[in-house]
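Participant: One-letter residues, chain by chain:
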Amino acid sequence: MKLLYILTPLAPLFGAIACGFFGRKLGRTNSHRVAIAGVAVAFLFSLIALIVQMGDDAKVFNETIYTWMVSGGIKFEVGFLVDRLTVVMMTVVTSVSLMVHIYTIGYMHDDPGYQRFFSYISLFTFAMLMLVMANNFMQLFFGWEAVGLVSYLLIGFWYKKPTAIFANLKAFLVNRVGDFGFLLGIAAVLVYMGSLNYTEVFAAAPAVVGQSMEVIPGVAWSVMTVTCICLFIGAMGKSAQIPLHVWLPDSMEGPTPISALIHAATMVTAGIFMVARMSPLFELSETALSFVLIIGSLTALLMGLIGIVQNDIKRVVAYSTLSQLGYMTVALGASAYGAAIFHLMTHAFFKALLFLAAGSVIIALHHEQDIRKMGGLKKYMPVTYWTSLIGTLALIGFPGFSGFFSKDAIIEAVHHSQITGASFAYVCVLLGVFITAYYSFRMFFLVFHGETRMDDHTRDHCHEPPRVVTVPLILLAIPSVILGAMTIGPMLFGGFFGDAIQVAPEHDVLAELGAGYHGAFQFVLHGFKTPALYLALAGAVAAWFIHLQKPGIATWFAEKFSVVHRILDNKYGFDAFNEKVFAGGARQVADRLWKVGDVKLIDGLMVNGTANGIGLISNIVRTLQTGYLFHYAFAMIVGLLALLSVFIFSA
Amino acid sequence: MPILSIIIWLTILGGFAVLFAGEERCRGVSLFVAVLAFLASLRLYFGFDSGTADMQFVQQVPWLPAFDINYSLGIDGIALPLIMLTTFINIIVVISAWRVIEDNLPLYLAAFQIMTGLMVGVFAATDAILFYIFFEATLLPMFLIIGLWGGPRRVYATIKFFLYTFLGSVFMLVALIYLHHGSGSFAIADFHQMPLTSGAQTLIFFAFFIAFAVKIPMWPVHTWLPDAHVEAPTAGSAVLAAIMLKMGGYGFLRFSMPIVPDASMQLSWLMILLSLIAVVYIGFVALAQSDMKKLIAYSSISHMGFVTLGMFIMFGIMSDAEPESVGIAQMGLEGAMVQMISHGFISAAMFLCVGVIYDRMHTRQIADYGGVVNTMPVFAAFMVFFAMANAGLPGTSGFVGEFMVILASFKASFWFAFLAATTLILGAAYTLWMVKRVLFGEVANENVAALTDVDNRETIMLALLAAMVLFFGLWPQPMVDVMHATIENLVQHVTTSKL
Chain A
110 MKLLYILTPL
120 APLFGAIACG
130 FFGRKLGRTN
140 SHRVAIAGVA
150 VAFLFSLIAL
160 IVQMGDDAKV
170 FNETIYTWMV
180 SGGIKFEVGF
190 LVDRLTVVMM
200 TVVTSVSLMV
210 HIYTIGYMHD
220 DPGYQRFFSY
230 ISLFTFAMLM
240 LVMANNFMQL
250 FFGWEAVGLV
260 SYLLIGFWYK
270 KPTAIFANLK
280 AFLVNRVGDF
290 GFLLGIAAVL
300 VYMGSLNYTE
310 VFAAAPAVVG
320 QSMEVIPGVA
330 WSVMTVTCIC
340 LFIGAMGKSA
350 QIPLHVWLPD
360 SMEGPTPISA
370 LIHAATMVTA
380 GIFMVARMSP
390 LFELSETALS
400 FVLIIGSLTA
410 LLMGLIGIVQ
420 NDIKRVVAYS
430 TLSQLGYMTV
440 ALGASAYGAA
450 IFHLMTHAFF
460 KALLFLAAGS
470 VIIALHHEQD
480 IRKMGGLKKY
490 MPVTYWTSLI
500 GTLALIGFPG
510 FSGFFSKDAI
520 IEAVHHSQIT
530 GASFAYVCVL
540 LGVFITAYYS
550 FRMFFLVFHG
560 ETRMDDHTRD
570 HCHEPPRVVT
580 VPLILLAIPS
590 VILGAMTIGP
600 MLFGGFFGDA
610 IQVAPEHDVL
620 AELGAGYHGA
630 FQFVLHGFKT
640 PALYLALAGA
650 VAAWFIHLQK
660 PGIATWFAEK
670 FSVVHRILDN
680 KYGFDAFNEK
690 VFAGGARQVA
700 DRLWKVGDVK
710 LIDGLMVNGT
720 ANGIGLISNI
730 VRTLQTGYLF
740 HYAFAMIVGL
750 LALLSVFIFS
760 A
Chain B
910 MPILSIIIWL
920 TILGGFAVLF
930 AGEERCRGVS
940 LFVAVLAFLA
950 SLRLYFGFDS
960 GTADMQFVQQ
970 VPWLPAFDIN
980 YSLGIDGIAL
990 PLIMLTTFIN
1000 IIVVISAWRV
1010 IEDNLPLYLA
1020 AFQIMTGLMV
1030 GVFAATDAIL
1040 FYIFFEATLL
1050 PMFLIIGLWG
1060 GPRRVYATIK
1070 FFLYTFLGSV
1080 FMLVALIYLH
1090 HGSGSFAIAD
1100 FHQMPLTSGA
1110 QTLIFFAFFI
1120 AFAVKIPMWP
1130 VHTWLPDAHV
1140 EAPTAGSAVL
1150 AAIMLKMGGY
1160 GFLRFSMPIV
1170 PDASMQLSWL
1180 MILLSLIAVV
1190 YIGFVALAQS
1200 DMKKLIAYSS
1210 ISHMGFVTLG
1220 MFIMFGIMSD
1230 AEPESVGIAQ
1240 MGLEGAMVQM
1250 ISHGFISAAM
1260 FLCVGVIYDR
1270 MHTRQIADYG
1280 GVVNTMPVFA
1290 AFMVFFAMAN
1300 AGLPGTSGFV
1310 GEFMVILASF
1320 KASFWFAFLA
1330 ATTLILGAAY
1340 TLWMVKRVLF
1350 GEVANENVAA
1360 LTDVDNRETI
1370 MLALLAAMVL
1380 FFGLWPQPMV
1390 DVMHATIENL
1400 VQHVTTSKL
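Chains as they are written, first to last, in this note's numbering: chain A, 110 to 760; chain B, 910 to 1408.
Treat the hints as calculated values from the structure; they're not laboratory data. Yeah, the Cβ is synthetic: ideal placement off N, Cα and C, and Gly gets one too. Misleading hints may appear alongside valid ones.
Label pairs and their computed distance ranges (CB to CB) [to be verified]: (1) B:E1355 x A:E172: 56 to 62 angstroms; (2) B:R934 x A:D220: 47 to 53 angstroms; (3) B:A1359 x A:D684: 57 to 63 angstroms.
Throw the hints in and build the complete structure from the sequences for me.
Facilitator: Set out below in structure tokens:
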């Protein structure tokens, strides 16, 4: 098994190296064959790992591959921890990645950077697998930063586009802000728990409860809370939680396949995965959990609201991703880690589907992304239409679709949670359901229904893209429908994750839900008794009424409540604030420190000042050197006398 | 076989041979000398016993017996990696100068060979006066390199460089003579064992501090470095950043800390403060640069902040008497060492990258570039890789040292780690912002449009460095392993009071 686990991430790495270094020699077709073969192998091995781990007497695999470094008696290792949490992530990552690889053949067909693109997405698959398979914090951080690197490279894939190279720098830096917190969290783990290995850290963690540290002198903070919040700041960066969410919408400047793979299905869920993995730590700090809960619910609600006013097809889906990541974070905060991972899984499929469908529309319309210039596409692209509908229904949580189960589980979990902030979170996630349904169907109707609003030329050439594009859509649509019903029982209530996720008994909301769980069908029926379902339907109906029946309402609303509209359109001013205060501020501080500190004070005053001073003194001293021998002789005699008197008087 | 002497004199005498080899043959001769010296240093690595903290490959010949001065050499776990780095960078330097320097190439190559020998001497000398002579002598070839092949303001830069570093080392010489006065020996090992009063320790600490703080350099005595880098020819910058700065860090480890441990402890707050200023303040200053070489020079200073932080943080860590503190203190020191070696590869690579495009465009201004990736895709790939390493991306050697030092400083104080970790943001900001402005975007002007991609020589040069950066990023163990015994011994020695 060890070999299999090693080969799983190495196979896509091989593909990446082959395409990256030998892409030109291999040619396009061979390049994508190699890359796809690599990911296919990883997918196959992940499936085997899944099956093995699903076995009743399956043992968790936790082994070191090699010792990276030993320093000061602390071992830094590269090793794999494969348990049920890991295999779920591995399967999600490799299956979505495989679909995206295939889809890319069609989407990037005419791009000059074809091989480079395959190299990057294969490299991403490698990095993401290293992240989820890590058995220690060091490797986790490696994977964490490596996926950030690939994200940087892919957002800036079209490096001539000014917006793209702005977005990728922004994405990297905002992520680095998160990583800054994450690294401090890792340092806290090492210093207080004495190891970076998960198993050892989790074993040592309970002993740390009650210990405090003084971050601000005189104020004692719980070590556990500080550690968990620092780690979570990392998750906020990667999983784009308020206020570190600002990079994700801009990341849509990259090619669509990566928006699906990296910025919807996998990389952005790394933060969710990390917190779930760290459940033994987070369970020990209720303050940290409340923090997670509040941040998550704010993200879920506020980002969904922005989605309403977006007109770029990819940005609508991007804000929807932000909002859904908020839901997952809420689940983490409510200690329903299983529900978070469950939603992560279903979301990966239906959101990848929605992105790839959006990509399909974009190709058909020759890279038009404005939904105001679409409409009526249903008759031109039936496969895209039906798969989009499935994705949308899954997203809004239509009963029976996979999103319904995962989202309902989260809402119910928050409803039952006793943790501080849970009631606030409950309101946020419920409102979020309405908003999700509204913006999702707004987009759906504007794109596929109503009159066609594109120009004649585009309309005449509008057709369903080739099979490499539509087949992945269909393959992703299947899990979007059935995966939830199939897996809710075992995954949420069947103790599926075993020891991989640990929940303190007093936080265990999923167990409470599980007590009333009697099969998926019953769960659907129960859904009819909760407000969430009706809110979702109301949202969909509202979208239908406003955007198809009475299109005037939207504009009327925008004018009547222009303040609200403006706030949403400006995305609450986060971008402007960051641009002005952080980016601008940093540039100004930098300039001042350099021009005043280095140039004026140190160089001007101290260095050149000293030089000038010496120049002055030497001018004076120079007058002593007259060149007359008797002057020098006289000086020597005086000196001799002085020395003599010193010796005589001191003796 | 006295391998250390062989390396030192092979390169110094080899340098003279290069000088007389003539325009045609000087390249081949210097490459031969450089490769031979590197192979000899490999012999050091494979013959090195990492289980002991004692000096190895020892050689001692009386030199000036009347003054107790010996020609004595030897290496331990902190000298070995630095010597390996020196001989490796020397090869890169020869490759980089192969076709670029037009006037007086033999002298240019000879200066680098001689400098390599002198720098190996600095790291290998176990006699204080021998160390001092090598330490000072390295200034001469560098003075020539900047003064003869430098840019338009080379006179200002060389004088500033020379005065700054020379002034610094004069104080060191006074301290060395004082120490000899007390111990009757110039052996550094004897200085280590010599009891010293608190007052004497403080004075000696500052004497060494001035010498090494200027060299490494620390804030606020750093301003000679950006000027020297800007004016130096490419290979000069590479050696300056890759190796000469490390002589300062090495000095702290070899002299300051073990000779005056109590003063080092009392003044560790100052060292930590200056190190953190280097990381944060200089990080910001780097952001404001419009000249690529200046930016990388400031980035070097900021990275050197981690070296001094990693060293002196041990006093903050050891202030509580927990048993695991010793381990974490060692990690900080080893982190400082790793940072020195890794920075040797990365800063050399960054300067050589700038050199590659400077040779084509004859400008270092970021504003003159833009969209270089369109015409030089292979070069761009290298530069992005090295930029990421400079920003401390895991998987590159740039991550290892910073990671270790940040982890260790958390033990001393949350805020030390907090300020040190700002490099994650600042380092990425100044490096990648430069990358964005130089490499990405549409082709900025016709000069950029006319660029040709790296040739084989440049590819080999950058690939060698990239291989090192990647290798030690994925597996730093071979580098760290040789240091353990020495560092462990050092921590023990430094925590034992001399009072």
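Participant: Which numbered hints does this structure break?
Facilitator: Hint 3 is the one this structure does not satisfy, whereas the remaining hints hold.
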